[in-house]
Each structure stands twice: as structure tokens, then as C-alpha cells.
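Based on the hints, put chains Z and B in the right spot on chain C.
Protein chains in written order, with the working numbering: chain C, 167 to 435; chain Z, 488 to 759; chain B, -14 to 351.
These are calculated hints, taken from the structure and not from any lab test. Every residue gets a Cβ at the ideal spot worked out from N, C-alpha and C, and that includes glycine. Do not take every clue at face value.
The list that follows gives simulated cross-link-like pairs (lysine-lysine, DSS-like), each with its CA atoms no further than 30 Å apart [unchecked claim]: (1) C:Lys421 <-> B:Lys94; (2) B:Lys18 <-> C:Lys425; (3) B:Lys344 <-> C:Lys270; (4) C:Lys182 <-> B:Lys98; (5) Z:Lys544 <-> C:Lys360; (6) B:Lys327 <-> C:Lys425; (7) C:Lys270 <-> B:Lys84; (8) Z:Lys748 <-> C:Lys223; (9) B:Lys5 <-> B:Lys84; (10) C:Lys182 <-> B:Lys18; (11) B:Lys94 <-> C:Lys270; (12) B:Lys229 <-> C:Lys270.
Just a sample of chain Z residues kept apart from chain C, beta carbon distances all over 12 Å, derived [to be verified]: (13) Ala500; (14) Asn523; (15) Lys535; (16) Met549; (17) Tyr552; (18) Arg578; (19) Pro617; (20) Pro692; (21) Cys745.
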Amino acid sequence: MSKSKRGLRFYLHIYKLILAQDLKSKMSYRADFIISIIGMLFTNISNFLAFWIIFQKFPSVMGWNYYEMLFLYGFSLLALTPVQCFFDNNWNLMGQVFSGDFIKYCFRPINLFFYYMSEVFDLKGLGQFLFGVGILSFAWYKLALPFTFIVAIKLVVSLFSASLFMIALMNVAAAINFWIIDSRGIMIFAFKFKDYAKYPITIFQSVFQFIFTFIIPIAFIAYYPSMFFIRPNELSILTYLSPILGVLYFYLSYKLWMKGAMSYSGTGS
Amino acid sequence: MSKIKFSSKRYWALTRGGIMEGLSFRTSYFITIIGNFLYLIVIYFLWKAIYASSPSKTVGGMTFYDTLIYLVLAAALFNLMNSFLIFEMGRDIQSGKIILNLLKPMDFQVYMFFQKSGGFVISFLMTFLPTFLLVYFFTKGSIDLGVNLLYFIISIFIAMVINYCIDLFVGTIALYTHSIWGINIMKEVVVLLLSGATVPLAFFPETLRTVVNYLPFQAIYNTPLHILTDSTLVTKNYFWLLGLQLMWAIIMIAFSRCFWKFSQKVITVNGG
Amino acid sequence: MDTCIIFASIQPKGNGEKLKPIIQIENISKEFKVLNRREGLKGTICDLFSKDYRVLRAVNNITMDIQPGEIVGYLGPNGAGKSTTIKMMTGVLEPTSGKILVNGRIPYKNRTKNAENIGVVFGQRTQLWWALPAIESFRILKDIYCIDDITYKNNLEYFDALVGSSELSHKTVRQMSLGQRTLCDILAAFLHNPSVVFLDEPTIGLDVSMKGKIRELIKTLNKEKNTTVILTTHDMGDVDALCKRIVIIDKGNMIYDNTIENLRTYFGAYRTIKLMFSKEANGYSKDGLDQIATDLKDVLRTNFIKAVSLTVTVEDEWIVLLINEDEVSMMQVINCVQEYKKIIDMKLEEISTESVIKKIYEGEIG
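The following block holds chain C by itself, in its conformation from the complex (with noise of 0.2 Å):
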């Protein structure tokens, strides 16, 4: 049997079948499944209320007007879905590893990163996505940007890597689990961050700018992918770059979360 036959179509196939036990049994749970959806509307009505009411009493940020901010707002939640919808078991690394049921990952013959994220699929992650397509649709359409063929390739492709930006820092931030035991205060505050993508990294001084862009970078999930379409004039070198450091951003965070996985040794006994 073609065991050494591990390529994209097994693992494909494989995503298809864990992700499928996941669905089913969160659907089981009926009464928190629709409370979750009802949580996920609650959840994006309130942080779409806080930029609202902000922006109520302030018009503009440093030459950033509502649209602008709100087209930066929209794709943000569209890069960050993703994250939420395909790499939600990172939240549970901390428990499992904690309590050792980690270990039975460790013996499967297939890709433990793979196998750990097929697990869950988070369906809240597609409340965000709805909303974050409202958002930028209006957005857009109210900066009266074009839209052709050749733009709607270059937002799918922006989108996509943006998304492997927070995808990276998860990875990351969860990855510390495997050697210290209480970090989930750190997955939280890696969450965090994402909140603040959606504002332009212009309004920072020259350090925090380039902490925000190479060391934390949520630069990458809005601010530059977004300059395409709303700034073109301005273009820095990073908005073109940006395909090639997602995919460099992932990789590294992939080494380092199986670097963990792989030295972890499960609990006594």
C-alpha cells in the first residue's frame, strides 16, 4: 500500500473527514451552536458599535477620513476569517497540553500541525467574514474605488496573504504553551492585536512602526494590502512585498509551533 504517498490530495482528503467529526459534533450541541452564531452577530455589532461611536465624536484620524478607515475596518475582518475559521484548536493547546491529551497527536503518521488544526473549524469565523464583505462592499463603494477583473485578483491575493500574517502570530503566541505552562494570557493578548489592524500604522512613532510591521505584524493585515486600492500613489516597497513575507511569516511560525509539538512528552505517569 502506498504508504510514503502523502501529498496534497491525502491531506486534503484527510482535512475533509477530521473537519466533518468536528462539525457534526458541534452541531449535536443545537442549543450552543446557535448561541455561538447569535454571540458571533453580538460580537461584531458591538466592535463595529466602538468604532462607530468613536468616530462619532472624532471625524478623521491624521488625514484618514470614515470610509477610508471603514474600507481598512472591512478588510481587516476579511483577513483575519482565516485565522478565526481554520486555526481555531490553537485555543485549546494550552489545556491539552496542560492536561497531556496532546500526546495522542504525536503518534499519528500524518503532519501534527495539520492534524491538530483539522480538527476544529470555528463556523463563527463566517459571521465575520459576511460582515467584513458588507463592510468593504459599502466601503468601496462609497470611496467610488474601480473594480475590474485585474483589482478583483489583486484583493483575493492581498487578502490571502494578510491572512497569513495573524495566522503567524497564533501559531506563535500558542506555540509558547509547549514550554510554559500558563500562557494563555498570551494568546489573549496576541488576539488582541488584531483589533488594532484596522487602524493606519502611520499614526505611530518610527520604533512602534517598525514593531508593528516586522515583529507583530499587523501592519500587514490591513494597512499595507489596503494602500493597493486606496492609496495608490503612495505604494511603500512592503505592499508588494507583502505575499512574500506572509508566506515567510507562516513558515516560521510553522517551525516553531512544531519545534514545541515535537519535544513535548506528555504528563508523568
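The following block gives chains Z and B in isolation, referenced to the frame of chain C:
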């Protein structure tokens, strides 16, 4: 007389246990402080930019430093209040371990409270205090250091009780839904927004402001912070605010208790 | 300890087997760095700033070869280093020094490839998907391990013939009893026909009939498929039922590696005498029996000063004497007991495996 003595010894033992447990999380406290510090930086720049684009220096009665202090300390308070109670309850309910807790010869809610209070004390010393000092020096001493500090301490303890009751309530809901994620995130976002922790209540438009004043959430973050930063307050005001907070605490305790007692009858545990 | 030297030198002599061992462990050691913790509240605060570590040698120079198809019982007191060794065999831990080969591969270097050929079962933790019927887990595993349709079908049919798993597998794992879950976990471990299966306390927490069922299952699977089984257990029933060879580890050192039979010969002079005494009125309560045991022990010890290895315990309604015939004659002991109290029933046995192991743990010389 001896029965009461015996009880308080129990509670102290639990609290001490909570303290020791809290101390073992040394790295996580370090991380929380760093987190608060970085948050301070982000908020500083963000609101500096926001205020810079505003025609006046004061918006909604708050200056830039006011907003800064408010938001950063609110975040620090949130980290302080975050005792993962909901998370633990949800987990125990899912695994069926909740039965063990119910069999202990002590009221579950009270038991959990004292256990959490130990961690609260440590968290306060290890994370909130440093953050407070950080903000104080950052804003060049814009926070008054007087009797308001005393009232502030009292206020956050009451706030902790209110927050605890809300967490208990949400955790109890897990008995029905068998899972806590959805409800928890929702609770966090709603509580943070409506208590003024995400955006100061002073910025809320009128109608929203009135609605929010009738909810207990603002008693968790807004009241203590208001006590701390508003220099126009006199003793009468302090007592009024604390009294209001206390009232909310009592309401929430009664509410969560009733709900818990009611729910205990509905308990279903993992089979097998 | 002298005992260790005596036992450790008894290695299975080469019995002319030309088969390559499926697991080869040579001078394996594992060290851990442990923080020296201090007591009390003050101590915990000091620990926050402490950098005081010590080195813990969990596994110390262990060598063993395991042939294909063997069922090896891996025993040792808690904290002896058993799970550490197993983790090194499964590739989860990297040894500090020494060589280890499983199926001709270094486990921690080729974890994924190694995983294709091994199965693992933990007594209490299931590896199946919690919210799904067991059969769904099997289906997923079929694809993960790339099991071909024919093998899969045959194995499922075979399992069903053995334990009636077909009906059980439609239950969700969440709703199963511990015994049923363990059963399914074991089936899942054997599903892809691995060459080695590691069982970590598989019968823990199970009732007697379930234990029997599971032991039967393991035995049959081992025989039919020639799967090597490494069995970690505290249950002597498991050992007696399944293992021909046992390895005992204590404080990181291997203190015994040979067959059970051989073990018994070391304690061959020991006899177990089970006694039941005349009941007055309703028979004896547990406390009553305990009292008799204590008194009896004093009596025997006083009368037979040389019988240092003598122990008296209570097992259900029996008083159990363990004597060493090199020290004292069995007949003399029985006579003495008869004088003390009237015996109405008696059983004579070899020393139980459990007692043997217990003695080894306690470091007594056979």
C-alpha cells in the same frame, strides 16, 4: 461561635491556596504586564492621533491623558478580573467533573469565590499595580494620589464580586448548552463595550449612555475608574458611587444565586 | 543494591534465534532538569526568582532486545521510569545517550514513519474521536494509515468475530463505558496491522469480566498477527495471563529481564498457604480477620525466629501465609497454626506473581 471560627479558617485556607497557585503562574504575570505595557503604547499613539485630528483638546469631558489612563487601566482591570472561571466551569461541566465540586462540603459558589480571590490578590499585586505605576509615570502624574485611592481599592473589590457573579451566571448557562465558547466571547465583548472599557462611556451618544447606566456592567469598570480619576469628587460622591456599586453587587449575587439553585435541578452529567 | 546486580546479570542467553529483534535498546539513558521547589508560601515566592535546578536521571543505562511476536510485560513501581522508556520507544522523547531502534528506525528521528508501524493505547485516554461513533473513527484511521479496503474489511470482520465489535462500534465514544472504550481503542491500535503495539495500563479501572475479555483479545491478536506487544501494567492478572517475559524497572534501572518462570524459580522455595479458620457463630468480620492475622504473625515469628521472610495477609476470607521453605518447614508452620487455632480449610500454592514483584520492588533477596 466556634462554627463561625471554623468557617473563616476554611475560607482563609482556600484563599491561601489560591495565592500559592497564583504564584506558580509567574511567567503569565510577567506576560500580562508586558501586554498591558504594549497596550499602553498602542492606545497612546492611537488616541494621540485621534485627538490630534480633533478640533478641541477635550472631548466628552476627557482630555487625551484622561482617555489614556482610562483605557489602559480598564484593560488592566479586565486582565485582573479575568479568572477563567467560565472556562473552568465549562470544562468541568463537559467532563462531568462538576459533580466533584458539588459534593464538597461547602457551597460551590462561595468555595470558588474564595479560591479565585486568592488569585485576584496576587494578580492585583503582580500585574495591576505595576501597570498603574507605569501609567502614572507615563502621564507625568496625572492621577491624583489621595483618598481616592482608598475608595478605588474598595471599588474594585466590589467590582470583582459583580464580575464574579456575571461569570457564574454565564458559567451556569453552560449547564444547559453544554459548551461555553459562544456565550463567553459574547459576554466578554458585550461587557467590555457596555462597561466603558473599550470606549469611555463619556463618548457614548446620549441614548446609548442612558441605556448603559441601567446595566450592571458599568459598575465593573466605569465606576472604579471614575472614582480614581475624577478629581471633582467629594466624600459624599464617593459614598454614593460605592453605594450604587454595592447595590449592583447585591442584585447580581441574588440573581446568580437564584439561577444557580434553579439550574442545579436541571443538571445532566456525562453518561457512562 | 545487591539484588539488582544478581537479577541484572540474568539476561536471556542467546537461544539460537537468528531473527533480528524488532526493538533494540542499547545503554539508553534519560536525564531531566528539575527545579528544586521550596515549601510554603514564602518558599513559593522565593521560587519565582530561583534558578536552582538539579538533574534527574529517570532512565539509567537500560539495554534490552525484543523479538517480533513477543508479549513483554513492563513493570515497575510508580515513577520508576517506565513511561519515560516507552516514550523513547515511541519517539516522543529523545534519549540523553544510548541507541534505540524500533523496526530498524530511530524513533525520535523518524517519528512519522515510525508511527505508521506502531499502535499505542493509553489506559485512561482515548485516541478516538469523542463525539463520533467508533466506526467513524475507524474510517478516519483507515485513511490516515492508508489501509487498503481489503485489509480494513477483513480486520473489522475479524474484530467482530472476536468481540462482537460491529454492534458496539455504532455507539459514540462519549456514551461508552470505560471498558467499551478501551476495547475500541485496542481495536483501533491493531487496525492498521502494526508490527508493535504499546499498551499502557489497558485494564486499569475495569471490572473483572471486562479485564478477562480484553486480555483474551490481546492474546489472540498477538498470536494471529504476530504483533509485538509491550504491556505496561500494575495488574498482576494481566501479567499472568499474557506475558511470558517480564522486564522490571525501578528508579530508572532495569532490575530484571527474563521469563516469569525464571522469576518463580528464584522464589521457588516460597510457598503460599491459604488458611480458613473455624467460624464461631457468624464468621469473621474484616476487622476480626485482620486481628487474627496480626496475632498469628506474632505467634509464628516468636516460634520461628529464622522465618524472617514470613508474611501474613488477609485476602477476602482467607488468611494468607507466605513462607520461605529455606527458612522454615511448611509442615512445622501448619502444625503451629493448628495449635493456635483450628484450621477448617487450606490451600497450598506457589508464590503468586504479585508477591514476587512486590518482593522485588522491596528489594528483598530471593
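Evaluation of the provided hints:
1. Only pairs whose Cα atoms come within 30 Å are accepted, and Lys421 (chain C) paired with Lys94 (chain B) is accepted, the gap being roughly 16 Å.
2. Straight-line distance between C-alpha atoms of Lys18 (chain B) and Lys425 (chain C) comes to about 19 Å, which keeps the hinted pair within the 30 Å bound.
3. With a C-alpha separation of about 35 Å, the suggested pair Lys344 (chain B) and Lys270 (chain C) falls outside the 30 Å cut-off, and the hint is violated.
4. Straight-line distance between C-alpha atoms of Lys182 (chain C) and Lys98 (chain B) comes to about 23 Å, which keeps the hinted pair within the 30 Å bound.
5. For the hint linking Lys544 (chain Z) to Lys360 (chain C), the alpha-carbon distance of about 28 Å falls within 30 Å, and the restraint holds.
6. Proximity of Lys327 (chain B) to Lys425 (chain C) is assessed by CA-CA distance (about 69 Å); at most 30 Å being required, the pair is judged violated.
7. Of the supplied pair hints, the one linking Lys270 (chain C) and Lys84 (chain B) holds, its CA atoms being roughly 25 Å apart against a limit of 30 Å.
8. At most 30 Å may separate the alpha-carbon atoms for a hinted pair to count; Lys748 (chain Z) and Lys223 (chain C) exceed this at roughly 45 Å.
9. Distance check on the hinted pair: Lys5 (chain B) and Lys84 (chain B) sit about 16 Å apart at the alpha-carbon level, within 30 Å; holds.
10. Distance check on the hinted pair: Lys182 (chain C) and Lys18 (chain B) sit about 41 Å apart at the alpha-carbon level, beyond 30 Å; violated.
11. As the CA atoms of Lys94 (chain B) and Lys270 (chain C) are separated by approximately 18 Å, the hinted pair is consistent with the 30 Å bound.
12. Taking the CA atoms of Lys229 (chain B) and Lys270 (chain C), the gap is about 29 Å. The hint holds against a cut of 30 Å.
13. Against the 12 Å criterion, Ala500 (chain Z) stays outside the reach of chain C, whose nearest CB is about 22 Å from its own CB.
14. At roughly 9 Å, the least C-beta separation between Asn523 (chain Z) and chain C is not larger than 12 Å, which violates its mark as non-interface.
15. Distance to chain C contradicts Lys535 (chain Z) as a non-interface residue, since its nearest Cβ pair spans about 7 Å, not more than 12 Å.
16. The beta carbon of Met549 (chain Z) sits about 10 Å from the closest Cβ of chain C, which is not more than 12 Å, so the claim that it is off the interface is violated.
17. Every beta carbon of chain C lies more than 12 Å from that of Tyr552 (chain Z), the smallest distance being close to 16 Å; the non-interface claim holds.
18. With a minimum CB-CB distance of about 7 Å to chain C, Arg578 (chain Z) fails to clear the 12 Å threshold, and the non-interface call is violated.
19. No Cβ of chain C comes within 12 Å of the Cβ of Pro617 (chain Z); the nearest lies about 14 Å off, and the non-interface call holds.
20. The claim that Pro692 (chain Z) is not at the interface with chain C is violated, since a C-beta of that chain comes within 12 Å of its own (minimum 6 Å).
21. With a cut of 12 Å on Cβ distances, Cys745 (chain Z) stays outside the contact zone with chain C, its closest approach being about 21 Å.
Checked against the numbered hints given earlier, the structure breaks hints 3, 6, 8, 10, 14, 15, 16, 18 and 20 and satisfies all the rest.
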